[in-house]
Amino acid sequence: MHFPVSEGVVLSRKIGDVKAVDGVDFTIGRGETLGLVGESGCGKTTTGRCILRLETPTAGQILFDGQDISHMGRKDLVGLRRRMQVIFQDPYSSLNPRMKVGDIIGEPIKVHGVEPDVRKRDARVRELLSVCGLDPKFADRYPHEMSGGQRQRVGIARALALDPEFIVCDEAVSALDVSIQAQIVNLLEDLRERFNLTYLFIAHDLSVVRHLCQRVAVMYLGRIVEMAAVDELFDNPLHPYTQALLAAVPIPDPRVEATRDFRPAPGEVPSPINPPSGCVFHPRCPKAVENCKRARPVLRELRPGHWVACSEVN
Amino acid sequence: MSVITRNGPAGALTDDTLPRKKTALDAVLNFFRRQPLGTAGLAIMLVMFLAAAFANVLTPFDPEENDFQAMMQAPSWTHLLGTDQMGRDIFSRLVYGARTALLVGFSAAFAGGLIGLVLGVASAYFGGWFDLVFQRILDVLMAFPLIILALAVVSVFGTGVFNVILAITIPLIPRCGRVVRASALAVREIPYVDAARALGFGHTRIVLRHMVPNVVGPFLILLSAFVGQAILAEASLSYLGLGVQEPVPAWGLMLQGGAEEYATTAPWIAIFPGLAIVMAVLGISLFGDALRDAIDPKLRDR
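Just so you know, the sequences run in chain order A and B.
Under our numbering, think of the first position of the first sequence as 1, with each following residue one higher.
Under our numbering, think of the first position of the second sequence as 1001, with each following residue one higher.
These aren't lab readings, by the way, just hints derived from the structure by calculation.
One or more hints might be untrue.
To be verified - Only some residues are given here: those of chain A computed to face chain B with a beta carbon under 7 Å:
#	residue
1	Phe88
2	Lys110
3	Val111
To be verified - Simulated restraints, written as ranges between beta carbons of each label pair:
#	chain 1	residue 1	chain 2	residue 2	range
4	B	Arg1136	A	Asp25	42 to 48 Å
5	A	Gly41	B	Val1047	43 to 49 Å
6	B	Asn1030	A	Ile251	40 to 46 Å
Beta carbons: idealized from backbone N, C-alpha and C, even for Gly.
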């Protein structure tokens, strides 16, 4: 997904691309949860939005159940919308403040003609609320009358309203208090088992990812640098960026934390308008050699199921 | 290291303190209690509406009848607010004038406001070329002051009540469209609009149901200002002789007849229609402000 950067309004000329996501390649198996982690601005959310077709990718393919959806038209997408849904990060801005909770959840059911009968639809809304751990009485409330955790449950109920197979959780717990996070993560797990859901779980909180996901992909500056099963990735990170990312997780014991050897990756994340040549991580990489500036590393399967985009790791 | 603990399935959240369902009457009483200024505005508007509705019952004289035996009389028990230079009863003309003012003011403000609202939100939602071209058209319209544009429209289409409404509607459209577009641009970036797109809703539903209601706060303020502006514009057009024509009673016309010539000898000829215009505009603005506060669900239950 490249966003053109242009100057001028009527006679604009393109002066470059923000390569928000550049050559990202992964698959998610049915019933699996893939975690997508990385720093802010690395393209995690854009990847999710492309899959949902909220953005149209500049190039490449998105296959959903074997079908290329990357350039599907509006009309064809409508059927797809029923099968893939999204849960947003911010429970405050993801619900229309002018609609009651019951209408928010009931609207997709009505629009897609799943349940034309008003009373059956209300019953379905109430059922969805209780599935998500909310009292059905909340249907008559406005979102602003609820807490963040309650609102996030409404967002989840809305995502479930059309009985989807696949849900993109875009930082779905990041905006919540830690205690509420745990509840929502558990809810997501329960729902996954109950409705046989597949998740793309976008997050920057590594402990949540480790708990919920089966496989993890690490992104840096619009590219996937490493992808592996969750325990393999956490116990045995191979890419220098993944190692730096994992080392940045603080240890919840101040004495251990004070003595451990922690060297963050030097420098800042470069601008995606003008990314470094070769391997995008080379200016910050402790293992960089001359060749890293020239050749862009490809994802290689170094161990079964463990993919790394680094030419210096073997 | 993990902060997550499993406590079994997350317990259902219950709430026994759910408020009982609010009736429309509760909402109205609440409005009176919390918005005293708005209630005053509402009262002024009600008086205007009642005057307009029952003008024929309330007035002792025919507003269009000249009585040359009683020209320029000061207020008295016979002529409550005096008479003008044609001997017409000013009170009667004021009451009938409310009809003209309300008809023109509300028609023009609602027509201009609603067209501007939908076009402004659509412009922000679709963006791209549509937005660009539409906004340039608005720029051209905005380049003319309201009254100049209204004068231009009247000189093309002619005078009369319907043409005056049209003449005031047209300059209000860009004034509404511009403000609404700015709010709608912000609303478009809010995730609930993305959620609506991800749920596969159509453009019309997203614009009308998810975006328009969320720009309605600034829109209502605008609308109330527009009613005031439209009443003022109608008065100005009539004053300039290009609006409502004699002998139809209109406040602007009454000023035209009396203001300059008789300011010292018969000040009541100009003072009372002037006061009527001020009160009307003030009442509508106060009510509009209060309505905005009352309608916002975030402010409502405080």
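Against the structure, the hints:
Here the hint on A/Phe88 is kept, as its CB sits about 4 Å from the closest CB of chain B, short of 7 Å. The criterion of a C-beta within 7 Å of any C-beta in chain B is not met by A/Lys110, whose closest approach is roughly 10 Å, and the hint is violated. A least Cβ separation of about 6 Å between A/Val111 and chain B falls short of the 7 Å threshold, and the interface hint therefore holds. The given range of 42 to 48 Å is respected by B/Arg1136 and A/Asp25, whose C-beta atoms sit roughly 43 Å from each other.
For A/Gly41 and B/Val1047, the Cβ-Cβ distance of about 59 Å falls outside the hinted range of 43 to 49 Å, so the restraint is violated. Distance hint check for B/Asn1030 and A/Ile251: the Cβ-Cβ separation is about 54 Å, which falls outside the suggested range of 40 to 46 Å.
In the structure shown, a violation is registered for the earlier hints numbered 2, 5, 6, in ascending order.
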